[in-house]
Amino acid sequence: MKNIVFIPANSPLTKASFEVVSYARNLGGTVTVLAAGKLPSQDLSVLGTYGADEVIVNRSLVANDDQQITMWLANYCKEANNIVFSHDFNGKAIAPRLSVKLKAGFISGAIALPENDGSIKVNVYSGKAFGFMKCNTTQKIISLLPNSVAPEMSGNACGVTEVEETFGEIKVKVLSVKKPEGSIPLPEAERVVSAGRGLKGPENWGMIEDLANALGAATACSRPVADIGWRPHHEHVGQTGVAIRPNLYIAVGISGAIQHLAGVNGSKVIVVINPDAEAPFFKAADYGVIGDAFEVVPKLIDAVKNFRAN
Amino acid sequence: MKILVCISKAPDTTSKIAFTEGNSRFDENGVQYIVNPYDEWYALVRALEIKEASSADITIVTVGNASDEAIMRKALAIGADEAVRIDAEPTDAYFVAKAIADFAQEKNFDLILTGKETINYNGSQIGGMVAEALDLPYISIASKLDVAGSSLTLEREIAGGVEVVQVNLPVVVSCAKGMAEQRIPNMRGIMAARTKPLQVIPPKNSDQLTSYVAFANPAAKSGVKLIDPSNMDELVSLLHNEAKVI
Ligand SMILES: Cc1cc2nc3c(=O)[nH]c(=O)nc-3n(C[C@H](O)[C@H](O)[C@H](O)COP(=O)(O)OP(=O)(O)OC[C@H]3O[C@@H](n4cnc5c(N)ncnc54)[C@H](O)[C@@H]3O)c2cc1C
Ligand SMILES: Nc1ncnc2c1ncn2[C@@H]1O[C@H](COP(=O)(O)O)[C@@H](O)[C@H]1O
Chain A
1 MKNIVFIPAN
11 SPLTKASFEV
21 VSYARNLGGT
31 VTVLAAGKLP
41 SQDLSVLGTY
51 GADEVIVNRS
61 LVANDDQQIT
71 MWLANYCKEA
81 NNIVFSHDFN
91 GKAIAPRLSV
101 KLKAGFISGA
111 IALPENDGSI
121 KVNVYSGKAF
131 GFMKCNTTQK
141 IISLLPNSVA
151 PEMSGNACGV
161 TEVEETFGEI
171 KVKVLSVKKP
181 EGSIPLPEAE
191 RVVSAGRGLK
201 GPENWGMIED
211 LANALGAATA
221 CSRPVADIGW
231 RPHHEHVGQT
241 GVAIRPNLYI
251 AVGISGAIQH
261 LAGVNGSKVI
271 VVINPDAEAP
281 FFKAADYGVI
291 GDAFEVVPKL
301 IDAVKNFRAN
Chain B
1 MKILVCISKA
11 PDTTSKIAFT
21 EGNSRFDENG
31 VQYIVNPYDE
41 WYALVRALEI
51 KEASSADITI
61 VTVGNASDEA
71 IMRKALAIGA
81 DEAVRIDAEP
91 TDAYFVAKAI
101 ADFAQEKNFD
111 LILTGKETIN
121 YNGSQIGGMV
131 AEALDLPYIS
141 IASKLDVAGS
151 SLTLEREIAG
161 GVEVVQVNLP
171 VVVSCAKGMA
181 EQRIPNMRGI
191 MAARTKPLQV
201 IPPKNSDQLT
211 SYVAFANPAA
221 KSGVKLIDPS
231 NMDELVSLLH
241 NEAKVI
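Protein chains in written order, with the numbering used here: chain A, 1 to 310; chain B, 1 to 246.
Hints should not be assumed to be uniformly reliable.
[To be verified] In silico BS3-like cross-links for lysine-lysine, where the CA-CA straight-line distance does not exceed 25 Å:
1. LYS204/B / LYS283/A
2. LYS121/A / LYS15/A
3. LYS204/B / LYS103/A
4. LYS221/B / LYS121/A
5. LYS38/A / LYS173/A
[Claimed, not checked] Below, a sample of chain B positions facing chain A; criterion: calculated Cβ distance under 7 Å:
6. ALA133
7. GLY178
8. ALA180
9. GLN182
10. ILE184
11. TYR212
12. ALA243
Treat the hints as calculated values from the structure; they're not laboratory data.
Beta carbons: idealized from backbone N, C-alpha and C, even for Gly.
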């Protein structure tokens, strides 16, 4: 079995990269990582510890252009059985193209290793159900949902080969990149503190940020809160916003409407803080605090700080 | 400018998600279908705004069966000019994308818009597949789209940030929140939609690369553990010792 993993390599490796390499290792057979970008070879060799046998990095494809990367991957993937991506913005742009180019079935958003019958579990209906998908082709393309399968260490640093191959003109020109300072990207966050209309106004978000900082968590919000401009749009989670699956999701002043739950019910542990014992969110929660956020959250911040100090 | 908007259906968000025939099929019993929110709120409405600002012809395309014409009429009522239904069950992303690409190939659209994803399968696949089949550039998960002549400036999501890009037509774009605001069709639109052309054509290929073998509902939560609001030390200790998340 020959497995290929694609990794964007313009910025430092993230947990998502370790997840896909370790996933490919667990599929059985060899693992070759194809990387595109300028990240130093020394940094890339670390992928060996997660199961890569070798890394081939293309130093010419630094523009992160999905058409060029697809052409490069297609040349290398002719003999591969499985081609694995992370189901992030890169995977979503490149994997479908490669599926058409190779005419290989694409299982998008895998959340587990293959079952005994070869099918792979994916989320469907915005996380309200699971589907088991099969490919009818010998080559499979799989994109792995971040935070679904924990990365495992299984070897030593591996060799990195640098190549320079270019493919046609770049049709998409990048003018600029805007990055919010210092915050943890929501889809990658292991802990998320989220708040809704129950907080009454944007001026009350200080305690949500304090709690997030104390926990090393990212912040999120319900849709109405983003719509009325209390919080930036990129924090909106749910069916029509970002879908997340952190280890810990703390929901403060959110009622738990089905559309909100759709984006967060993949979280491993859910804590709900709400004075209304009838709020639907309690049905989806692991831990619940029936109380007023303005009293409970400051106490929780103190408790977390105490815990961290000891 | 000729714009194609790919429209799919999705179960109304409050629908009960259940399965029949030994968990192999979605149970449509009592399910109301809506236009997939990304397709309607963002892709279609942005196309209308472009049409209002300059001029454009907006065609919508749906791969689906006759029952999907209800959601297609809604898209016409919101303001699309004509509709094409490719008559087939949309069972596989590659099949749907090829059907759309084969149709688009002959029509020379300048701009092809899809939603970011369907809320039933959440695949985020069709846009990229259509782009590859037509050998066009693809801007995935765009939250802003501005037209200047034959050039587009777009913003799209990347890891923890937003990238501003420029590309020339023709191009495929998948549309996400931020691109436009939802519109409610008015009476005039609904009346006009009845007489707008809705053409039905057969798909040109039948290749299917994937299939669903089964579905399952998630296991119910075992029940919430309530913690006294004055005892947050207990919550922290449970999160550490029992849940092992901090
Ligand atoms: C097609 C569609 C798609 C949608 N997509 C999304 C989506 O992606 N994401 C999303 O979030 N929503 C989405 N919605 C909206 C969703 O239905 C709900 O309206 C929304 O989630 C409610 O937000 P909320 O919980 O912040 O506000 P509310 O429902 O108003 O709830 C506020 C909560 O705060 C509690 N509260 C009040 N005072 C306090 C206090 N002092 N301390 C603590 N709690 C307090 C209240 O008890 C209440 O439970 C969508 C809706 C539709 C129709
Ligand atoms: N059956 C279909 N007919 C037309 N367009 C579709 C169909 N299915 C999906 N699409 C389009 O492709 C987008 C992404 O869908 P998906 O790749 O399934 O998540 C949707 O938002 C629609 O714009």
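Hints, verified against the model:
Among the hinted pairs, LYS204/B with LYS283/A is inconsistent with the structure: their alpha-carbon atoms are about 48 Å apart, more than 25 Å. Using a Cα cut-off of 25 Å, the hinted pair LYS121/A and LYS15/A holds, with the two alpha carbons roughly 21 Å apart. Distance check on the hinted pair: LYS204/B and LYS103/A sit about 16 Å apart at the alpha-carbon level, within 25 Å; holds. Our distance criterion of 25 Å between C-alpha atoms is met by LYS221/B and LYS121/A, whose separation comes to about 19 Å.
This hinted pair checks out: LYS38/A and LYS173/A have alpha carbons roughly 18 Å apart, not beyond 25 Å. Here the hint on ALA133/B is kept, as its CB sits about 5 Å from the closest CB of chain A, short of 7 Å. With its C-beta approaching chain A no nearer than about 6 Å, GLY178/B sits inside the 7 Å limit, and its interface hint holds. For ALA180/B, the suggested interface contact is broken, since its CB lies about 13 Å from the closest CB of chain A, more than 7 Å.
Nearest Cβ of chain A to the Cβ of GLN182/B: about 10 Å, over the 7 Å cut. The hint is violated. Annotation: interface hint on ILE184/B violated; nearest CB of chain A at approximately 16 Å, more than 7 Å. For TYR212/B, the interface hint holds, the least distance from its beta-carbon to any beta-carbon of chain A being 5 Å, beneath 7 Å. At its closest, the beta carbon of ALA243/B sits 5 Å from a beta carbon of chain A; the interface hint therefore holds under the 7 Å criterion.
This entry does not satisfy hints 1, 8, 9, 10, going by the numbered hints stated previously.
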